[in-house]
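There are 2 protein chains.
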Amino acid sequence: MKIIVDAFGGDHSPSEIIKGAVLALQTAQDFSVVLAGKEDVIKKELNALQSEPSRIEILDAPEVITNDDQPTEAVRKKRASSIVAGLRRLADDEQATAFVSAGSTGAVLTAATILIRRIPGIIRPALAPVLPTVKGGHVMLVDCGANADCKPVNLHQFAYMGSAYAKAVLGIPKPKIGLLSNGTEDKKGNELNKEVFPLLKEDTTLTFAGNIEAREILSGDYDVVVADGFSGNIALKACEGTALSMFSLIKEGIMQGGLRAKLGYLLLKPVFRGVKKVMDYNDNGGAVLLGLSKVVVKSHGSSKAKSIAASVLQAKELAEKGVVNTIAAYLTKKES
Amino acid sequence: MKIIVDAFGGDHSPSEIIKGAVLALQTAQDFSVVLAGKEDVIKKELNALQSEPSRIEILDAPEVITNDDQPTEAVRKKRASSIVAGLRRLADDEQATAFVSAGSTGAVLTAATILIRRIPGIIRPALAPVLPTVKGGHVMLVDCGANADCKPVNLHQFAYMGSAYAKAVLGIPKPKIGLLSNGTEDKKGNELNKEVFPLLKEDTTLTFAGNIEAREILSGDYDVVVADGFSGNIALKACEGTALSMFSLIKEGIMQGGLRAKLGYLLLKPVFRGVKKVMDYNDNGGAVLLGLSKVVVKSHGSSKAKSIAASVLQAKELAEKGVVNTIAAYLTKKES
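These protein sequences, in sequence, are chains L and F. So the first sequence is numbered by this note's numbering: it starts at 24 and just counts up by one. So the second sequence is numbered by this note's numbering: it starts at 24 and just counts up by one.
Isolated chain L (complex conformation):
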């Protein structure tokens, strides 16, 4: 199994990305990595790491797509970029099962949607991060940004794609699904949600638990939370922003709190580390692009080596556990 890694995407590329790929190779066997990007730079980095090159291949892709590029235009024009060349390789190479990037979300989404075949029947792929919950488990949020405008059928598909992931990868036999809304009552929601609600309720293959408010996303009471990509993105960023704000407020308070606060901080350091571990979704791998016939994982732009390694191993697990087939099987069964 080959996993293609975009070595030139993300705030800390290429150094941390390459380190992360090497770390993943050291952690697990039975796969190899294709590093896409500027060959000479990658070679230098690998030399510096004194890394055994037998399980690493370099795919020379001298162009770089940045967050400042307009995604559609960049994908069309920068064909020799690590994102486009990497995804093209994923599409063409039968041994290649997954692609991992910490680069521009828009460009990865656009290129993957163009270059990688969708699972037959899936209308719109969705970007789905796996978030940590306060109970120590995980919840998948589908969609969090691939589709700003959705039809009811899209959200229905997000529900069973998320459910298939939770079954195959997280090993949950009956994943509990919540529909993100502005209240918990059955009749709550905007027009879209009100149309989606009966679709999920009547689908006996799903374990639908009704509408949920955004404050319940991280509660641990749900395995999958379904949303249109606009609302899902807002929920995700609001959670992220609040967590960061709180950490920075605590830090500021400690800095200004004199010796007493600094001593308190030292004593509470293990507690803070624990909280940070739970709230930091970078450690939990990247967001999965569900609905494509091969695995694509979008790691956070701020990913360092550890996060990249987690994303590579997550991609490997996704490929091994056959999430694509689980989704495809659901669709076949549903239509038969």
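Within a straight-line C-alpha distance of at most 20 Å, the following computed DMTMM-like cross-link-like pairs (lysine to aspartate or glutamate) qualify:
#1 L:K61 with L:D92
#2 F:K190 with F:D244
#3 L:K217 with F:E214
#4 F:K67 with F:D83
#5 L:K210 with F:E96
#6 L:K292 with F:E275
#7 L:K299 with F:E275
#8 L:K210 with F:D91
#9 L:K174 with F:E214
#10 F:K158 with L:E275
#11 F:K210 with L:D92
#12 F:K174 with L:E214
#13 L:K158 with F:E275
#14 F:K210 with L:D172
#15 F:K174 with L:E218
#16 L:K174 with F:D172
#17 L:K210 with L:D226
#18 F:K300 with L:E275
#19 F:K197 with F:D226
#20 F:K217 with L:D172
#21 F:K210 with L:E96
#22 L:K174 with F:E218
#23 L:K210 with F:D92
#24 L:K274 with F:E239
#25 L:K210 with F:D172
#26 F:K292 with L:E275
#27 L:K300 with F:E275
Just so you know, these hints were derived from the structure itself, not from any lab. All of these numbers come straight from a predicted model, not from anything done at the bench.
With the hints as your guide, set chain F onto chain L.
This is chain F only, laid out in the frame that chain L set:
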């Protein structure tokens, strides 16, 4: 000036509500309070508080609307409820300038929209909480739940209603407005946002700063954040939920961390109290129902006396500073 307070709404009613109203009366002069609810119960509570009754009037309203009631039906059927009777009094009594409730948001919204005249020209009133920012200031989020489905013109009106509030009450001469979206680029957003963007950009009476992500809401860089009621509600609840989750994770860590963690907690207590004060929007008053010809403030359901007092004083300030007139003047100017 009379402020009508719903004594039978919220998790801690009537006791904490009545205490809060009395606290507000003790804090500021030149206004009186009308307590709406079961007369005998209110009398008993006031006796227990040994409160001077000269500035308190009781409006007997024996029925109670709970969160379990379907709002539209409850408003139609429970005419003698504290919400309906209180708002009717607001509409009819010229001396009454504001209504404060910690009861069912749906019922307050429905009853207020039916009973209180809209400002001429305003199509849909909006529910707008004033949130604390990490910089120590405030930001108003309009709308956060009154309108699950919006047209572009609604969001345009939300922008100048929020702007009018920030000018009149917060004293900000040119309130900076952000449009809540799934990215900061001008072209980001769902179809609704893409139509709203040029309306805000071309309105020279507004200081429009472009699209913002949900993580920036609490940053302190914006005075007003505009959203449809569905997305706004999700952003608000996600912020609230994450803050609560983090506090509970820290608490749990301290409980399980033995003597060391407990000592650390004691030393850091002032820091935590400071952070809680910033993140707890209950202390910052309630959500304002903007667009009506009189002031309606919806306090959080979990409000205790202190929050209720803050909401009553906020309502008083809103009435005194003439937010209604500021909005009305904007509309007149715009149409002339």
